[in-house]
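There are 2 protein chains.
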Amino acid sequence: MKGEAIEQGETSRAPMARGINRGTSILDLILRLLALIGTLGSAIAMGTTNETLPFFTQFIQFKAEYNDLPTFTFFVVANSVVCVYLVLSIPLSIVHIIKTRARYSRLILIFFDAAMLALLTAGASAAAAIVYLAHKGNVRANWFAICQQFNSFCERISGSLIGSFAAIIMMILLIFLSAFALARH
Amino acid sequence: MKGEAIEQGETSRAPMARGINRGTSILDLILRLLALIGTLGSAIAMGTTNETLPFFTQFIQFKAEYNDLPTFTFFVVANSVVCVYLVLSIPLSIVHIIKTRARYSRLILIFFDAAMLALLTAGASAAAAIVYLAHKGNVRANWFAICQQFNSFCERISGSLIGSFAAIIMMILLIFLSAFALARH
Numbered sequence: 001m002k003g004e005a006i007e008q009g010e011t012s013r014a015p016m017a018r019g020i021n022r023g024t025s026i027l028d029l030i031l032r033l034l035a036l037i038g039t040l041g042s043a044i045a046m047g048t049t050n051e052t053l054p055f056f057t058q059f060i061q062f063k064a065e066y067n068d069l070p071t072f073t074f075f076v077v078a079n080s081v082v083c084v085y086l087v088l089s090i091p092l093s094i095v096h097i098i099k100t101r102a103r104y105s106r107l108i109l110i111f112f113d114a115a116m117l118a119l120l121t122a123g124a125s126a127a128a129a130i131v132y133l134a135h136k137g138n139v140r141a142n143w144f145a146i147c148q149q150f151n152s153f154c155e156r157i158s159g160s161l162i163g164s165f166a167a168i169i170m171m172i173l174l175i176f177l178s179a180f181a182l183a184r185h
Numbered sequence: 001m002k003g004e005a006i007e008q009g010e011t012s013r014a015p016m017a018r019g020i021n022r023g024t025s026i027l028d029l030i031l032r033l034l035a036l037i038g039t040l041g042s043a044i045a046m047g048t049t050n051e052t053l054p055f056f057t058q059f060i061q062f063k064a065e066y067n068d069l070p071t072f073t074f075f076v077v078a079n080s081v082v083c084v085y086l087v088l089s090i091p092l093s094i095v096h097i098i099k100t101r102a103r104y105s106r107l108i109l110i111f112f113d114a115a116m117l118a119l120l121t122a123g124a125s126a127a128a129a130i131v132y133l134a135h136k137g138n139v140r141a142n143w144f145a146i147c148q149q150f151n152s153f154c155e156r157i158s159g160s161l162i163g164s165f166a167a168i169i170m171m172i173l174l175i176f177l178s179a180f181a182l183a184r185h
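Chains as they are written, first to last, in full-length UniProt numbering: chain F, 1 to 185; chain X, 1 to 185.
Check the hints yourself; a few may be wrong.
Here are a few chain X residues that face chain F, going by a calculated C-beta distance under 8 Å [as the list claims (entries may be wrong)]:
hint : residue
1    : R106
2    : L107
3    : F111
4    : T121
5    : A122
6    : S125
7    : A128
8    : A129
9    : N138
10   : N142
11   : I168
12   : I172
13   : F176
14   : L182
These are computed hints drawn from the structure, not numbers from a lab. Don't be surprised by glycine CBs; every beta carbon is placed ideally from N, CA and C.
Using the sequences plus the hints, can you model the full thing?
Structure representation (structure tokens):
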């Protein structure tokens, strides 16, 4: 009798609730794919950046590569790790579209999403700080703007930040979506 | 009859569930207070950093302040904003200890926690990138390590990162805790 009563109460509002939960899960999958493209693009754009200047002295050829600066290496690593994580999380996201009432798998996703959000933000903003320095330099610390010489290098590294920052926004929305799905149970 | 049945089903497992939820909410409050102390300490430590070297030429007195570098100003602002947010979120956290079944207020907290996590991580890691540069310099970009001259300045700015990074870990745990409380409904 008890079981029946609860089941009745559930079925009366089930189709709509399931529809919203399924919509949430599909949106989750789309956001995950977009974040994946963003981080992959950022990692590739930064990882393939190098510029050789068309003049050189006897001893030095002027050349700039992303891994001249450890921060950019960290940026590539962070984006790659988050990208791999997103690929691995896609099957779980698809499971959530089918099994809309899953709870603990969503909880695990939220935790790792938050950790990956922190990693991605760390990489992107550390790189942004160095890119800013490359553009503007700093008079007080006597650090010169290197973008005057390495122009296309600078454009490339600045551009590669965009995908990463877009992915950060996606990740925040992903956390919210998973939490929203949990709150609706 | 239906209402009664559901109520019966709830009361049988209610005391334990409520106890766990209350424990989660208390842990949430403690983590929030710790993160608050971390960000406040970081903001104050960085904001009060300056060093005047004991020698000067006719024209220049050698002096280093945190706001010589825009990244450190951003670090102070980010930490202050997160600190104010944490203060404002404490009343809500206390409400959750009393009303353990609150759902949508937890959802709002998760969203803002995630956004603040991103802001705090951005500030902390941008500052970390510059601190790293101040310590090590970069030969390829011709940026010199300034820590040889400004020794105590560098120690202070390095130290002020600790509170921020500790707060980042607290924020990740806070998001997980709120999601855990939602999953248990």
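For each hint, the structure was consulted:
1. For R106/X, the suggested interface contact is upheld, since its CB lies about 7 Å from the closest CB of chain F, less than 8 Å.
2. Proximity of L107/X to chain F holds as hinted, the smallest CB-CB distance being about 5 Å (cut-off 8 Å).
3. At a threshold of 8 Å, the smallest CB-CB gap from F111/X to chain F is about 5 Å, leaving the interface hint in force.
4. Taking 8 Å as the C-beta cut-off, the interface hint given for T121/X holds, the closest approach to chain F being about 4 Å.
5. Interface restraint check for A122/X: the shortest CB-CB distance to chain F comes to about 4 Å, inside 8 Å, so the restraint holds.
6. With 8 Å as the threshold, the beta carbon of S125/X comes within range of chain F, its nearest partner Cβ sitting at about 4 Å, so the hint holds.
7. Here the hint on A128/X is kept, as its CB sits about 6 Å from the closest CB of chain F, short of 8 Å.
8. Look at A129/X: its Cβ gets to within about 4 Å of chain F, closer than 8 Å, so that hint holds up.
9. Hint status for N138/X: holds, given a least beta-carbon distance of 6 Å to chain F, under 8 Å.
10. The beta carbon of N142/X comes within 6 Å of a beta carbon in chain F, closer than 8 Å, and the hint placing it at the interface holds.
11. Interface restraint check for I168/X: the shortest CB-CB distance to chain F comes to about 6 Å, inside 8 Å, so the restraint holds.
12. Hint status for I172/X relative to chain F: holds, with the closest Cβ pair at about 5 Å, below 8 Å.
13. For F176/X, the interface hint holds, since its Cβ comes within 8 Å of a Cβ in chain F; the closest pair sits about 5 Å apart.
14. Below 8 Å, beta-carbon pairs count as interface contacts, and L182/X has one with chain F at about 4 Å; its hint therefore holds.
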